[in-house]
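Chemist: Residue numbers (this note's numbering), protein chains in the order written: chain A, 16 to 433; chain B, 16 to 433.
Read the hints as simulated data drawn from the structure, not as lab findings.
It is possible that some hints are incorrect.
The list makes no distinction among identical chains, and a pair is therefore deemed to hold if it is satisfied within one copy or across any two copies.
Stated by the list, open to error - With a straight-line Cα cutoff of 25 Å, these simulated PhoX-like cross-link-like pairs (lysine-lysine) come out:
| # | residue 1 | residue 2 |
| --- | --- | --- |
| 1 | LYS63 | LYS90 |
| 2 | LYS367 | LYS287 |
| 3 | LYS253 | LYS390 |
| 4 | LYS72 | LYS413 |
| 5 | LYS96 | LYS411 |
| 6 | LYS373 | LYS264 |
| 7 | LYS426 | LYS182 |
| 8 | LYS176 | LYS426 |
| 9 | LYS182 | LYS63 |
| 10 | LYS367 | LYS411 |
| 11 | LYS66 | LYS24 |
| 12 | LYS146 | LYS161 |
Protein chains: 2
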Amino acid sequence: MTQRQEALKGNITSAMRQAARDEFLKPEEIQKGIAKGRIAIPFNPLHKGSKAIGIGKGLRVKVNANIGTSADYPKVGEELKKLRFALAAKTDAVMDLSTGGNITDIRERILTECCVPLGTVPIYQAIVENKMTPDGMFAVVEQQAKEGVDFMTIHCGVTRKTISQLKKHPRLMEVVSRGGALLMKWILENDRENPFFADYGRLLEIAQKYDVTLSLGDGMRPGSIIDAGDAAQIGELKVLGELTKMAWKEGVQVIIEGPGHVPYDQIVGQIKLQKKLCFGAPFYVLGPLPTDVTPGYDHITSAIGGTLAAYAGADFLCYVTPTEHLGLPTPEDVKEGVIASRIAGHCADIAKGIRGAKEWDRAMSKARKRLNWGKQIELAIDPERARAIHRKRKSKEKNVCSMCGEFCAMKISSEALQ
Amino acid sequence: MTQRQEALKGNITSAMRQAARDEFLKPEEIQKGIAKGRIAIPFNPLHKGSKAIGIGKGLRVKVNANIGTSADYPKVGEELKKLRFALAAKTDAVMDLSTGGNITDIRERILTECCVPLGTVPIYQAIVENKMTPDGMFAVVEQQAKEGVDFMTIHCGVTRKTISQLKKHPRLMEVVSRGGALLMKWILENDRENPFFADYGRLLEIAQKYDVTLSLGDGMRPGSIIDAGDAAQIGELKVLGELTKMAWKEGVQVIIEGPGHVPYDQIVGQIKLQKKLCFGAPFYVLGPLPTDVTPGYDHITSAIGGTLAAYAGADFLCYVTPTEHLGLPTPEDVKEGVIASRIAGHCADIAKGIRGAKEWDRAMSKARKRLNWGKQIELAIDPERARAIHRKRKSKEKNVCSMCGEFCAMKISSEALQ
């Protein structure tokens, strides 16, 4: 039985207990959230050694790191290094988006080492291995489910109708989702409906059998802030809402993917709309990026948009690295991206009053006040980097940093007030 | 006459015209904003070669970069390099916070090279040069005004009353403002009122004579999210509101400084409160940082808080560098800090509908759609970094990047839809 089927029966699984422990919640709260569809635990029992994490309402914001080869960088070694960097930076989930090299082998290596939920976009394997028929696509989905993939992005909402909405209201960037573009091309070339939409029941069967959480993809997400919130994007979101209800009926867990490039003033509205149209299903956002002009710094831009999105209710942040829009990330970029998204998530967690979030900050402030540098570094989101900077720019004065030296405000005010 | 005195008479100065040109506004709009106190142009006529920029309501969000020596890094050469990095990264203003070496000499060198408004915190010179008497403090203010400093942070709101509020409601971090801590110590040790508060008229005379914009400092800003919005902080803000009205009466331009460390859910409220208590005066925020746990990444955290603050009405963002809370920044850190704050400002500008803001993004999206890499790099907020990443991670495929290679969504969707 899937986590959802168990939850609907009122059963508490060990995965629910594990997820609850991490959040300082009672297992019943997780079970009820899953039953209502507001929480998902992407946890394929065939993925050995993976951790059960809850994604959804009332829980700590989770972060996903995308890794994976491309034709230009097809080596598994670098991807495994990225995986290790992402895990060391404490990502909550990983997606393998490989499109270069032997991607089944690569995924197997990643799955074995990956101790957090692993997601994929099966259409990538279908295109790389030339399996772009309905049977081919479903076969890939089932193959990956059997291997233990915990969640899968499936662009079920790229349909003849949403494509016609796109054509009717042309946009600057057309389709910037790789999976979305591949499916749109297939639909137009074959003059047939998207198999994942036309034969959605077949997808649900596989998802139910292996308890693969469906991450309903946003093939029509805006790729420019100018395009945000247009007919194609909202049309697709409505389709995803209908598909969510159908999945829930079959005991399948669902996450909804979202934009993308969105101006800051539209982010809150878009999150609220998603939550409404998709009946409170967990929302997984890529960014959002509130400006298009920052290649090289899109991890920062993404953290800006991600914090507001998470504060407004987004549950799962897909990281963006500094190389976004420019090239495939290196392991160092992966680390940078995970940390930036974790900062966004943590800022939102504090603001939403998520249990335990503020205590980390309280401990840091206490260490800072005591000028306890060892503790400050230990508590830093990236102790390694904090230590390196502090050492490199050390002060000759005792206990203070080189920013103010003897004029340390903390030291002066402690003395003045004692 | 000061810009404010001119504005009150209905006169349009060349500084107002210059500021208006930069914003695609009419000079009258700037003049009216200054007359109402909602806009300031920090523009000391004795600062030769400086540019007039407007800070305030309806204008593009401006960014300030703090540079300056400390006892541990007293060399002017490195500070001049930081100045060049900050200007190259397109900061709108610079503050020289030097406390190491011969700070008058250092400031002179910086002023000569600095083609944007320069600010200082005169109390730093007073403490370094052992001039901590009322006369000594005012003498430093006048000396710096004569040299051409455009705006000065003066912590007039650190008073016996606000210190008593601090003592009555103890906080985790006490006073984290360096100038605030120095003045608090002086007040408590001498059992006297803050000279900048007790003899505020004397300060206004100097500010009026040289048209120095007063940046009323937030000595009681919270240094931990746990302390945000407490009695001392809000008590000081009320004092600053009263002082704002007094300054305006004397024709002196005013900016109000704000926090600091503030949880994300309190940022909007704090900005609205400042605007109310200080009668719409321009608001200059340091961060705000919505979490305390990110030393090494505080430029990102600051961009997260700064965007929300600016969207809610903050006008001027003081950058934070990656070395904040750890040590004095290097020139590279200065660049990183300026870019992060510019991203925050630009995201807010787009969201607020500031004239011209979105056009940059439109141009970038068009270049992206056309796979025009030269144009994308030229339009990037940091072309140098965008070029370096793109080159380092180049694709063998023509016209695409190594992220997707042949599976470029833009290429596929263009082909599919043509």
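Chemist: Could you work out which earlier hints the structure fails to respect and list their numbers in ascending sequence?
Modeler: Result: hints 3, 4, 6, 9 and 10 break, sorted rising.
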